[in-house]
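Asks: From the two separate chains plus the hints, produce the assembled complex.
In order, the protein sequence lines correspond to chains L and W.
The numbering of the first sequence is the working numbering, which starts it at 1 and goes up by one.
The numbering of the second sequence is the working numbering, which starts it at 1001 and goes up by one.
Wrong hints could be hidden among the right ones.
Claimed, not checked - Not everything, but these chain W residues come out facing chain L in the computed CB check (under 7 Å):
1. Gln1167
2. Leu1236
3. Ile1240
Hints were generated in silico from the structure; no laboratory data involved.
Even glycine gets a Cβ: it sits at the ideal position worked out from N, Cα and C.
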Amino acid sequence: MINNDIKGPEGWWLDEKNVDVQKTIKAEQAKLDELGQDAPLMLTARPPKAASETAIKGLRLLQEVDGITDGVDLRYLEPMAFGGKFLNWKAQIVGSCVESSSNRARVSRTLAEILIHGQLEGTFGDDLTSRKNIATFGPYSYRAGRMLGGLNSGDGSFLGSQQDGLRRFGCCPCDTEGLRSDAWPEPQDMVLYRRYGNSNSILDQFADVARQWNLLESSALKSADDFKRASVDQFKPANIASLWAFEPSHKSGEWTIYRRSRQQWAHQVTLCGCVEYESKWYAIVRNSWGQNAHSGRDWFPIPLELLDDWAADRNSVCMTMGELELPDTPTIVT
Amino acid sequence: MRPKAVIGAAFIWLACLSAFGQRQPLASVVAPESIPEHSVARIVCDTTADDVRFEVFELLQLKDSRGRTVEVIGPPVEFLDFSSGDSRQFAFTGPPGRYLLRFDAVDYDERKREFSTSVIEVVAGKPRPVPPDDDEDDPPDDDDDKPDVPDDRFGNLGANVVKWLSQIPAADRVVAKDVAKVYSDVADGLEPDSKGQVKYVTIDKSNAAMTVGLNSAIGARADSWKAWRASVGVQLNGRIETRQDVIDAYRVVANALGGKP
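Next up, chain W with everything else stripped away, as it sits in the complex (with noise of 0.2 Å):
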């Protein structure tokens, strides 16, 4: 081919390749077809653009094969602000299922906004560790721990209190289940009843709940709770981020301490 036709030939195949990436998905997802339960699952994003902005827009639970939902399990995740390629890990921790994660990509720059899909199979069965994600912090070193509780996204806080409860007496570890019903009750209070009715509307209310609750709770044992509420507050506060981070966090504790799910 003569050189004018090679370039001819390239402006074509360059002017076909603009017109056909304008008509391209602004974003993909890429997520594994099936995960372990109560695992984290990486998840890929992919786009053509240089300034997309992800977010988990609905994280759905889907009841049989046909991808009917059943039931919201849980609220966006959280903002992402990807670059193609990037991805970012998202626990589960909601029962063996399907489930639909919706993102919303948003490109701001050229006011496009498109969604993309992908089922997670989580199936029955224990939890594997995933590869590092860069852009989370390293959870605190568990190595000679080995957990009956899952991983969580606040650096293995279950796994800890586990840990941590084993160093209180056992002769006071009995009000276990009161402090665990005390996290649980004060994350219900963070989320609208049956009657849409939030108990408690800022954080310092349930604070000021939280602290009632568990010194009623522990009583005269408070002295040998001390560095286990010490323990939990410090790795808790380090990863609190949102509202709903405060009500999931509550939520492993209680788990963990064996109290209601």
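Chain L on its own, in the form it takes in the complex (with noise of 0.2 Å):
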């Protein structure tokens, strides 16, 4: 068996030092009827959008030299945007990672909404290193979640209330006037990460510029199925919050497939893919803890049916980064 896997801090809990799982688990679902209640449009899938054919074949073009054969990886739309290049996401460095995935999927949902869909919308920026950063600033994200989570010491977070933050408080664009960082999007001080996790001064200080952009849309995900068609019909992303821990299985070309382990993470990742490959369905997991985590990958393959067991367990929730409301493009240049 292949053994190379860099393990990274996770995150669905209350404490890392203090866990108690079934506590975690309650405190989710709670999380999620409540934002059922608040928002139910919002958790409904809203019908999918029309998607350039041109734009799905360059899609297409560059999965294929990877040997990908069918579905939708949208990690590719990165080497579309940045030409040809994935982007280098830092590794997650405290137990941020509802925040840490969730970044990860609302970058690739903002490619799919205007590279796919089309829409007349902008970016935050053109890399994931400068102040002017495709991505929005973590820690406002991740206060925003813990807040709502009653979350005020220790790390992590649940995706209920991470989705609701982003509902209620939107994301705060990196170059936003007055943010303090070592690093963009997220910290890399771990001091200051969980400052910025466990005192409100950040929601008070960036909320009015950052309720601009907000999350429309998320919706449950209970199968491989419901993620083949978010994925591939919708060009949705997922984030998925779970026990469930993963190793390396065996080889399928050049690909390492991973199988889940006896080990326990209480993890959130990001659903980004779901594809064929060597005559077979996986899903893509991309991973926070670096570019290098998972067989020298941040990413690893799973069988496509081995995600349905793990989105329909009743300790996991699966929810789609659905619409995000971005930035406008404004008149066209003649």
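Replies: Right, dumping it as structure tokens:
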């Protein structure tokens, strides 16, 4: 068995040092119920949008180079948009998996809205390093979710309250005046990240700007078919919070295929693709533990049937990253 | 027939109708069999349900009489919210040939999704006017013009581009082909290239490239082209709803100026 994985911090819980899994699961469910009552429309999947066949053709072209013969992996929107290169995401340094995975999904969805659906919207920036960053400031959305989840110490968050935070408090562009950090879109200073994660001051200071850019839609997924529809037909990534852990299983072509391990991760990751490779269908799981965390990659494939069990697990919560409010395109220049 | 028998027969007929109704297609598409090239086809969608949403799912050009698909020529055109009997117009700007329109009819209340298809033959020849569509804005009044470029869905943008071009002094019109190339290049940059990469991710980026390109192409003739650029801008911005619209409109301008299609 190949075992060269690099494990990072988790964060789907109240406090890493004092975790009570059942309490976490109950609290997550309560947050989801609350969200369902407050914003039932947000939790209802919107009808599929028109998609540009030309853009899809371009996406498939990039996927085919890597042997993907069908389906959609939204990660490939990055090389489509950034000169053939995948974005170099920084590793999660504290228990911020809920936000770190959410930010990856938000960038994928941003690119899908612009390139695939042809919406006249803009990005917040052009890279993953500067203040003119395509991703929004992680600790802002992290705190919004934690505040709504009633979390004021330690690390971690809930997916339900994270989505509610994105709905109610929006996303803060990294170039917002007055924002301070040692790195963008997420601090690499653990103390700074945790300070933001435990204080409402960042919300108080920047909510007026950030509320313009909120999450409009996020629906629950309970099966691999649900995800396949969301991903392949609607170009929506998803986030899944669960106790499932994974490990390398076997090789198929250039890929190392993963299976469920006996460990337990109280963790959230991004489901960014549903693809056919070497005549089999896989879900592409993107993690936030660094570019080389999983057999030299920041992602790993799992058989689609395994996702069926994972998403249906009573302790898993899986939600799409649907429509985002993004900056409108100004007048077309002529 | 006695009244009871009449009522009984009516119930049976209604029951049959209801049962057959469930097996009827969710929607069907009625399109003209053939249209002249560069024309607008009116397509009527018919549905048995109240709240059916139509999407043009694919617009494919067919190669031969057996209907073999050779090339995807267009992205989905737009979302359409229809009631039974409503119609919409589609512009066919591709070359003569057979086109397959595949509609995806979705009834979200009933969670049903069905396809309807229709083949339209686009034949070589002059475009002919189509009856006005209630759901579209009226194009600008061009009665005085006899444009040598086809009508388009941007309100005769191409024809107007030619008209406005004629108002530029002849000596300054010599850069028209250079201007056309800028429009064509920017349109290309908004779509994936042969490697699947997009040069201009956002319209902001293409705007910047357009400004630089046009300023360079027009150069010292800027004053003569000022009115032309403003007029194109006003008309184009009033019609653009998607990125694909931007691409298509830029290509219409490029074509009208004599650039590559």
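Asks: Take the hints in turn and mark each one as holding or not.
Replies: Verification of the hints:
1. Gln1167: violated, 16 Å
2. Leu1236: Nearest chain L Cβ about 6 Å off; hint holds.
3. Ile1240: holds, 6 Å
In the structure shown, a violation is registered for the earlier hint numbered 1 alone.
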